[in-house]
Each structure stands twice: as structure tokens, then as C-alpha cells.
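Residue numbers (the working numbering), protein chains in the order written: chain X, 190 to 386; chain V, 190 to 386; chain Z, 190 to 386.
Since the hints were derived computationally from the structure, they do not count as laboratory data. Wrong hints could be hidden among the right ones.
A pair holds if it fits inside one copy or across any two, identical chains being indistinguishable in the list.
[What the hints assert, rightly or not] Straight-line C-alpha distance at most 25 Å; calculated SDA-like pairs for lysine to any residue:
| # | residue 1 | residue 2 |
| --- | --- | --- |
| 1 | Lys-216 | Trp-362 |
| 2 | Lys-274 | Leu-299 |
| 3 | Lys-274 | Lys-382 |
| 4 | Lys-270 | Leu-377 |
| 5 | Lys-382 | Ile-213 |
| 6 | Lys-216 | Lys-382 |
| 7 | Lys-216 | Phe-376 |
| 8 | Lys-382 | Tyr-266 |
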Amino acid sequence: MDIIQLFDWIGTFVFAVSGVMTAIEKKFDIVGATIIGLVTAIGGGTLRDLLIGSTPVGWMQNETYIYIILLAVPICYLFKKFILKLRRSMFLFDTIGIGLFTILGLEKTLSLDLSIIAALMMGISSAVFGGVIRDVLCNEVPLIFRKEIYASACLAGGIVYIVLEHFLAFPGWNMIISIAVVMIIRFLAVRFKWHLG
Amino acid sequence: MDIIQLFDWIGTFVFAVSGVMTAIEKKFDIVGATIIGLVTAIGGGTLRDLLIGSTPVGWMQNETYIYIILLAVPICYLFKKFILKLRRSMFLFDTIGIGLFTILGLEKTLSLDLSIIAALMMGISSAVFGGVIRDVLCNEVPLIFRKEIYASACLAGGIVYIVLEHFLAFPGWNMIISIAVVMIIRFLAVRFKWHLG
Amino acid sequence: MDIIQLFDWIGTFVFAVSGVMTAIEKKFDIVGATIIGLVTAIGGGTLRDLLIGSTPVGWMQNETYIYIILLAVPICYLFKKFILKLRRSMFLFDTIGIGLFTILGLEKTLSLDLSIIAALMMGISSAVFGGVIRDVLCNEVPLIFRKEIYASACLAGGIVYIVLEHFLAFPGWNMIISIAVVMIIRFLAVRFKWHLG
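This is chain X alone, in the form it adopts within the complex:
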């Protein structure tokens, strides 16, 4: 099995869990929670696909993502307390997720011959806009605007990836290194309470 595919699925699952848990906290009903889970997990990639003109959007052509998200819903309801205790592991997978989504979004944009700056923007959007839409639908100011190094970690990872692709030619390693950059920045930022501006 492809390791990238596996992490893509795990990232999707973790994003869905984050959406469903937010919805449960907000006392949404199960349908609302499912919609928020879907939007959180596929919202960023969907926005990217719309902007670069790649429609029908990705998840319509590969149902696996939807099944993974729909699986996350009952799991959240059944293991609510357990999941809240798992925050640390969730954070680990969330960080792998945003790293991977950044690079995959960036690659997809470059594959359409769009510019590097557009690719960086689409990489970041893929990673963070699901969470932004989740927060907007829950009537909250989006979390990433207010705190934590989040989008900027994605930006750093994206730049590292583009530099590596330009000078080296080991696609697999370039991706792993770039995702590691995103993860390390995120970990350090949270550990030492870094913030910008």
C-alpha cells in the first residue's frame, strides 16, 4: 500500500473528527455534525479544485474520502470522551495531515502549469481552508487567524518543497522532508507558544 495514500486517508479522518467534535461541542444534531465533518475534511481541497478549475472536484471522483468521513461520525459519537483524551495523538496526525495536504495541493496546482505563487497559495488553502469553513459555519472567528503558527508552517513547508524540487530530484524524499518541516515548526510553535504579530 502506498504510504502517501495512507497518510492522506488518515489526515482526512483526523480532519473529519475535528469537525465532528466541534459540531458536537456546539450542540449541533448528527446531520449538522456530519456536514461539518465533511466540510472540514474536504473543504480545503474543494476550494483549491474550484479555483484551479479542476471539476468535478476531487472527492466526487474517489468515494473513499467520503466513506472515511462518514465512518468518523459514529466513531466520534461512540468514543467522545476517549477522543478528547487523545488530543496529543490527534495533534500528531493533524500535523501530518496539513503537511501532506499542503504538498499535494501544491503539486496538483503545479501540474496544471500554474505559477509557483499560485501553487503555494493553493497548497496552504488545501491545508487550512477546511478549518476556516468549519469555523465560519459554526459562527466563530476562524482559529487560524488568531493564534498559532499554522498557515505559516504550511508556507514554510511548501517553500522547502519547491526549493528541493528545483535542486534535487528525489520526489519521495522531497515530500517527506517538506512535511517534516511543517511538523517541526508546528511542534515547536505549540511547545514554545510561538505566535506572530
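Dock chains V and Z against chain X, hints included.
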């Protein structure tokens, strides 16, 4: 005259009225109310068209919808009190509307050879996302996330439609039965105060 | 240098400044402020491009807009106080911006053989929806729904443009006159505190 077309127009009108009335309650000016009316009535179908890649979106190719919505605006201002008393009839047409929009959205998605699960999601989106965007623009938590059997009634109707299409071949009746399913679930849900989760 | 191009860039810059300043007021960090600046400046045109099916969206094919917006971010942080004093000049350029964006959006839509009513709607969207998305992301009720003649000034300018194009054939002048109409209505509205409904 085509009965489906007629109900599509009535549904559009009722959705527009619901948007304009919400905007009036929120003390928006007439331009704001018009925009909210438009967004409520065509927002769900527009989102569907964007996601499945059917652009320019539907209402750009058929101006009738826009005229119907623009007609709803002065009617709301002139008959504000009367409309507030009509809640029960409004609810009837709203329910026909979401049933019809679900099935039309579902059919349009299937006609592009997309999967059944994508079609169900697009059917529901067509029916409910206009209201979601209305609530987001009015800075409210979307109503459908919090109460009432709404999206789930659309889901049930959509599933019934797909099953009927698979086993029977009377398109007209399949649509009417599926819309009836949406309506009956909605009526029972409101009558007996059903809710999920 | 093309005067239209110049005003397009100035308008983009002023919109970006308005987004960044709002984000700073809301205590967003610099990444959040950059995202809000981008969304405010390119959000309206992006929505238009998505709806009319012109993808990849405009700014992906011309990086100048992005650079102008990214330039606005440090300028806002460095000259915060000075910019707040410049409100009057900002208002002038904002008004040129919405006038120009209305006509450019309208023209782009007409060039795809879409209807006049669709073109008017897309012209207005180009001009005002960046600000709407800014307000939604900042968890505020969009300003344009509540006060000031704003979208309606764009509508008036758009109608003047279409009438002039139909009866006269001096494209440059038609655009300048239409933008002037938007500006005059805006100025009078603010000066005499006009409002609708």
C-alpha cells in the same frame, strides 16, 4: 405547462421570500435584502453547479429564476404582515421546494455520470445550502445544523428516488413519490417535534 | 501605461489595505491579516470567475495582483496610524476601485455571451463580494447589507454603462462616465447620509 417547472418556480419564490424576510428582520436595507433573497434561492443550486463543474451556473442561462426572486422583494416589503401570518402555507411550499430541489440536484449530478453518493450529497446541498449561506451572511449559526429534521428528510427522499429509479421506470411518479417522502418526514418532524442527536 | 490597468492595481491595493486594517483591528496575526487582505482584494473577482466558469481564476494567471496585495501587508503594519488618518483619500480610491471593478466584471461576463442581468449581477459581485467575504471571515454582519449606498451605486453605474454601450460607441468614455456615476452616487450618499429602506 410543466408541473415540475411550476413547482421549481414556486420553490424558488418561497426560498427568496424566506431570505428577504430574514434580512428585513435583521434590519438590512433593501439591497441587502435583495442579495440575501438571491443567495437563499439560488445559493444551493449554485454550489452544486460549481462542485460538479457545470458552469456558467444554472441561473445565468435562464433568467426566469432571477426575475422571480426580484419579484419576491417588493412583495415582501408590501405584504410583510400578511406573509408572517402565512407561515403555514409558506412551510408547505418550502417543503415542496426542498423535496423538488433535492431530486433535481440529484438527477443533474447523475446525468454527469457521477456516483450515487455524490448525487445524494449534491441533492441535499441544492436543497439546504441556500439557507446555510443565508444564515452565514446574517451572522447566525445555520438553522439546519441545530434543529428539525431537514437535511435528513432530503436524504431519505433522495434514497427513495434512487431505489425507485433502479427498480421501477416511471420517472414522473418516482419524483412525486420521493418528494412526498421528503414532505411527509418534514411534516411529521415538525408536528411531533422530532429531532436527532 | 494603460490608465485602466493602473486604476485596477490601485483599486486592488486599496481593497487589500482595507482587509489588512480590519484584520489588525480584530487582533489577527500577520498571516491572518495577509489572508484577509487577499480575500478582500480578490474575493469578488474570484467569485465572479467561478460563477461564469472562467477558471483558473484571474489572479492565478497574472501574479501582479498577488504582489500588490502582499506589498500592502507590510505597508499597513508600518504606517498603521498614517493610514487611519488617510481615510478620506482611501475612500476616494475605494470608490474608483468599486466603480472600475463593476465595469470590468460586467464586461468580462458579457464577453462570454451571458445575459445583461447576469452581467450586472457579476459586476456588482466583483465590486462588493470581497468585502462581504472579509466581513464573514471576521465574524461580522457584512457592512454593505446594513448601511450606505454601495451595491446600488454599482448597479446604477452598471446600468449607465450598458445603456451607453448600446447607444454610443466610445468604450473608453463609456467606462469613465460609468465609473463617475458610481463615484458621484457614493460621494453624495456619504455626504448627505443617504440610505435605503
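Results of checking the hints against the structure:
1. Lys-216 to Trp-362: neither (43 Å within a copy, 38 Å between copies)
2. Lys-274 to Leu-299: neither (39 Å within a copy, 42 Å between copies)
3. Lys-274 to Lys-382: For Lys-274 and Lys-382, the Cα distance is within 25 Å only inside one copy (21 Å; across copies 34 Å).
4. Lys-270 to Leu-377: neither (27 Å within a copy, 33 Å between copies)
5. Lys-382 to Ile-213: So Lys-382 and Ile-213 pass the 25 Å test across copies only (20 Å; inside, 27 Å).
6. Lys-216 to Lys-382: between (30 Å within a copy, 17 Å between copies)
7. Lys-216 to Phe-376: Between copies only: 23 Å across chains, 30 Å inside a chain, cut-off 25 Å.
8. Lys-382 to Tyr-266: Between copies only: 22 Å across, 31 Å inside.
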